[in-house]
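Novice: One rule links them: number in the working numbering = place in the sequence shown (from 1) + 4.
The hints are simulated quantities; they were obtained by calculation from the structure and are not laboratory data. It cannot be assumed that every hint is accurate.
Here are the simulated BS3-like cross-link-like pairs (lysine-lysine), alpha carbons at most 25 Å apart as the crow flies [what the hints assert, rightly or not]: (1) K1046 / K989; (2) K899 / K939; (3) K1002 / K536; (4) K762 / K540; (5) K565 / K254; (6) K144 / K109.
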Amino acid sequence: MAPPAAPTVAAASSSSSSSSRGSGAPKLDNAPVDLAAWRGSMRRELLDILHDHVQGAKTMYLDPSISPELSLLVEVEDLKSHGVDLWRKLDADSAGDAAAAQDSKQIIFMVHAQSSDTLAMIDLVAEKILADDGRLKANKESAFERTYTLISVPYVSHLVLGRLQQRMVMSSLAEVLPLHLMGLCVEGDVITIDQPGAFRDFHIRSDPTPLSLLAETLHDLQRNFGAGLGVSRQAGRRVLKMNAIGTAAKYVVDYVLRLAKEDDEAGAPVDEGEKAAFTGDGSSQPRPRAPPIGHLVTPEASAGPSLAGGRRKPLLPETVTSKGLKIEEFIVIDRRTDLFSVLCTQFTYESLLDRCLGIRYGYIDVGEPILPERKTVVLNSNDKLFDRVRDLRMEVLGPLLHKKASQIQETYSEKDRLSDIPQMKMYMDKFKSAQADHASLADHVNLASFTSALTQMPWFQQQWQVEDGLMSGTITPAQLVDIVNDMMEPNLPQPVKDGQQPTPGSQPLDRVLRLICLCSVVNGGIKMKTFKALTKNLIEWYGPKLIVPLLHHMTACGLLKVSSDTGADLVSSGSGKWQRMKQAFNLVVAGGGPEDDDGESDPGSNIAADTGIAYAYSGYAPLSVRLVELTESEPNGWRGAAENLNLLWGPAIEVACGARPEVLPGSVDQEGTVGKGDKVVVVCFVGGVTYGEIAALRRLSAVERKGRRFLRPFVAAASRAMMARGFSSQVSKVCLLGASGGIGQPLALLLKMNPAIKELALYDIKQAATPCKGVAADISHIDSNAKVTGYAGEEEIAEALRDAKLVIMTAGVPRKPGMTRDDLFDINAKIVMGLSKSCAEHAPKATLCVVSNPVNSTVPIAAETLKKAGVFDWRRLVGVTTLDSVRANTFFSNKINFAVDKVEVPVIGGHAGETIMPVFSHAFPPHKLDAATVKQLDERIQNAGTEVVEAKQGAGSATLSMAYAAAVFVDKIVQGQSAYAFVKKPVGGLEYFAAKCKFGNECEVAKVEGLPELNEYEKERLQAVETKLEEDIQRGVDFAKKH
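Using the sequences plus the hints, can you model the full thing?
Specialist: Printed below as a string of structure tokens:
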């Protein structure tokens, strides 16, 4: 593969960039079939609901996942003209007084029935309705003052209805209506069927349910635009042939065939002999319909609100479907059959924009430093410049943008040569067009400069070079281990100097996994020894919580395979098979098809014209596109290439649908072929498609010179290795002491949700307000890995602690208003000492994490108690100070307006008042704070506990945030990561100190870092910390020695 070259980009002013060019839905003038009518039917369905079902002024609450889809159908003015005077995001604020004060009397909710957040959205609908009802009752107003309507996209599901009934708001809804948004047109040649979990659900969870919507959309396409006739007008049209490869693709095709059979049976004439003579007048009587597929909701399904159901869209008018080109063939490709095209780097402008900024329904939201001001940039065919350059590589894009800038400048300069009014009139049309092009050019110059810089980054160069080596065989799996280790080696967070490029290292996980998965699919698997080495390093740098289940899921869906060390597996399915595939399908070509500045293939090139599809991947021809090409290049289609198809994953089928082709007047060419030389093929990707594949299909259509055109609907699903979360058990048993308390109960819940824990033992005294065994019974119902057991009283503590690897001590009384951590000492010291004795006796090798306050004193008490028992090991006793770190990160991120999950503020010293010392001079990201701000943040972190106690007005202390912090701390211990903890290790002259600790494989402290370099303010603060901390430590030691 050839590396991408940096383009030379012309400078362009952005003074006109605020103009709204290309906004709204994409133009469909050049669509191969009448997609404008297809989109129009969905648009009319929505507007009819707004006009006919909910008349008058109305407020609309939108599920956030639906907003981008609506932008492809309607404009804001369309909603306003149909009575929508206010629209809001459906969220937690929807039920608030502020929202209610502005609402109209008629309210419409629109939710997605197949989203992962469907139930949460329905809950928000219910909360809004119930809150409004309560408000009306309080004001002694009638509940009938407001009317509620629910629109469910793309159909009304039993899941939605069941939740509405469960929340007891079904009777409050006047209507529950479906909106069939199935197959939205992103471009004239691209349809999206938004099923993000389809690939995961089918190949990992063995759940084919999400594929039903895809099949129904394909069937609706063939009913309206198929090249063949069905048995009646009611049954719709049919495609002539279907091809499928892969198990998911076969499922989709089987489903489409079954839907077609249903429609044929429902719409077939009574006299079977009339089938051949059917003229489309619709006069025949249909016979009873076969039992339907799917879950249809009919008006009879439920009493109460009006329910319009069904998942089948009505046919378009025959005056529409009888005109224009028709779809002759479906080619359905399971993403698992071609994982190469997902894992390889793409070099087209559109694919690079998607990789950097994430294109969603033809839009990106971008601001500084890429564009001068934040804006939504429309990336579709409405923008003529983008439509021309979207599939070009960067080395071609630069000169083309420069040429366009020169043309615009030439247009502007023409005004100086105008001599009469007719010339001025003609010039004004050119001037308006040039202004619109200028706005577009300004944005794309900036975006192209950004993506060009990306391709020159060291990590990007390394990525495609390693990919090239893996696919050519010059890099072996064993060599990849060293490469991956270099990529994962973390760099210390230091600010990048001006003009300096960040060096490779500490790469995001998806970049590392791309290479590992590509190595696996190319070599037919990775040998066990090599795989173990890779796994060990992945877990070390990224933690088992993410890595372990991720590797399992990638194995389940074919991205990873472990082969035997003997090499026997590789003989039949390894690199030799990849070599045969490369040769059989011509997957790697010597170049990507040179092009001129206009993006057209150079006819004089020494590269064959059909190698142009490798252009998007810089030398790799996507296997999926080769499969499409194969349907025409072989005389018998896929049947003539059975031997080559056997090299691929999954079954390959070819179905002749038996539909009678419709012959329209004048539609037979000189060779007697139906149609006028154009053949429309729907290429459907089950599990996602890349922009590189779309570009290759467009290029294939242009280069083929056979007049073929391709319509490309695709499933918007995971196109990268799936990042499923969760991990297998790494800790055999964790014991929580004080599980019934204010910290203990929420912490028990969080620990139960941690899949690293195999067994969770909960203990508390018998006198606890909430019986510990009741807490255990409650959380044991949660569907997570850990087995939960409850224990109460001294006679059961031995069993609770036995075989525990990690013990968390939260027992003690909470702080009350006016009470300092010191005031807690006399009460909690005896509790900690008693529990420490039990740990020494029943779990001497466990790591003891002390949460009970005051930690500055309770940790020394625990240490002295363990010493008396002869089992003290400083590496297995830590005080949990994570709450100070959590607070510091939160307050610092709010102050600098930076993402909190990327912030880290070191907090050293102790865990009480002035002993808590945040070190802002070493905070990440580096940010210079003035002295007043540092002092204000410092004092707030010290007094944050008191802030919570006072806010709760004596009803409790910081129990929830402490439980969260303790859960985070446990997670870091389990993963062998670093965390700040209070340990018995001399730091800065003190015997105990809170410092950054690296934990080992057995949950022990493996390393304690020394003090960072401090500035003058921090040095002064450290002196005060040491004075107070020394007193706290000594108090704990003295107590332990006296008792």
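Novice: Hint by hint, which ones does the structure fall short of?
Specialist: none
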